[in-house]
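Going by this note's numbering, the final residue of the sequence shown carries number 230, and the count climbs one at a time with no gaps.
It should be emphasised that the hints constitute simulated quantities derived from the structure, not laboratory data. Be careful, since some hints might not be right.
[To be verified] In silico EDC-like links for lysine to aspartate or glutamate, alpha-carbon gap of 16 angstroms or less: (1) Lys-132 with Glu-149; (2) Lys-27 with Glu-149; (3) Lys-27 with Asp-47; (4) Lys-27 with Asp-17.
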Amino acid sequence: MRVWVTRDEPPDGPLSTALHEKHLTPVLEPVIQRRLAIQPADALGSLSLDDWLILTSPYAIEAFERCDAARVPRVGVVGEPSARLARSLGLRVELISPDGHGAGLFEELRRVATSGVVCYPRSSRVKIPPAWPGIELRAPVLYETIPRAFDQHVVDRVDVVAVASPSAVQAIGQVDRPFASIGRATSAAIRTLGLKPWVEADPPSFSALAAAIADQSNPSRHQRA
C-alpha cells in the first residue's frame with residue numbers, strides 16, 4: 006500500500022520509518038512547511054530552571070536542540086514519543102500529557118504548576134490557552150505553518166493520505182482518497198470537509214498511525230470481522 010506522507014520530513018523521517026516497518030510504501034510530498042519566527046533561545050528569555058517549557062510538536066522540540074540544556078527549564082510534552090525525542094536532545098522532561106493531547110497536557114499542568122512562568126512556544130496557527138492563578142503564561146509564536154504547493158498528481162499515485170495535523174488537512178482539501186489521521190484534532194479537521202477519517206491513531210503517534218493503516222489494509226482483518 007502506498008501512503009502519502011504529507012508532513013515535511015526526509016526519507017528517513019519518523020512517519021516514513023514507521024511506515025516502512027509496517028511494510029507500507031511512503032510517498033513523500035509535503036503540503037505544509039514551517040519556518041522559525043523567533044530564535045528558540047530568545048523564547049527562553051529569563052526563565053528559571055523551576056519554570057516550565059511546553060512543547061507540543063516534534064518541530065518545536067527539535068528547535069531547542071542547539072540551546073544550552075543548562076538554560077532549559079522543566080519540559081512538558083504530549084506523549085511518550087515526544088518525551089523520547091526531547092530526552093534524546095538533552096531536555097529535562099518532567100510532564101507528559103496523560104491522554105496524548107495538548108488539552109490534557111495543559112489540564113495536568115494546571116494541577117502541578119501553581120507559581121512561576123509557563124512558556125509555550127507555539128505554531129502561528131495554535132490558539133493561546135487561558136492562564137490560571139499564580140502563573141505567568143508566555144506564548145510566543147515560535148514558528149509559522151504555511152501551505153506548500155504540492156504535485157496534484159500525487160493523489161493518483163497513492164492509496165491513502167496520512168495527515169499529522171489540521172494544517173495538513175486544510176492544505177489538501179477534498180481528495181478522492183481516504184484520510185488516515187494521527188489524532189482527534191486532525192480528525193476534527195477532516196470532518197469539517199464533510200469526510201470521515203478512514204483510521205485514527207491511538208495513541209497519537211507516528212508508529213500508531215502506521216500500525217492503524219497497516220491493520221485497516223490487512224485483508225485477513227476483514228475476513229476475521
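Consistency of the hints with the structure:
Taking the CA atoms of Lys-132 and Glu-149, the gap is near 13 angstroms; set against the 16 angstroms cutoff, the hint holds. Between Lys-27 and Glu-149, the direct Cα distance comes to roughly 32 angstroms. Violation of the 16 angstroms bound is thereby established for this hinted pair. Distance restraint check for Lys-27 and Asp-47: the Cα-Cα separation of roughly 40 angstroms exceeds the 16 angstroms cut-off, and the hinted pair is therefore not satisfied. At roughly 14 angstroms between alpha-carbon atoms, Lys-27 and Asp-17 fall within 16 angstroms of each other, so this suggested pair holds.
Comparing the model with each earlier hint shows violations of hints 2 and 3; every other hint is respected.
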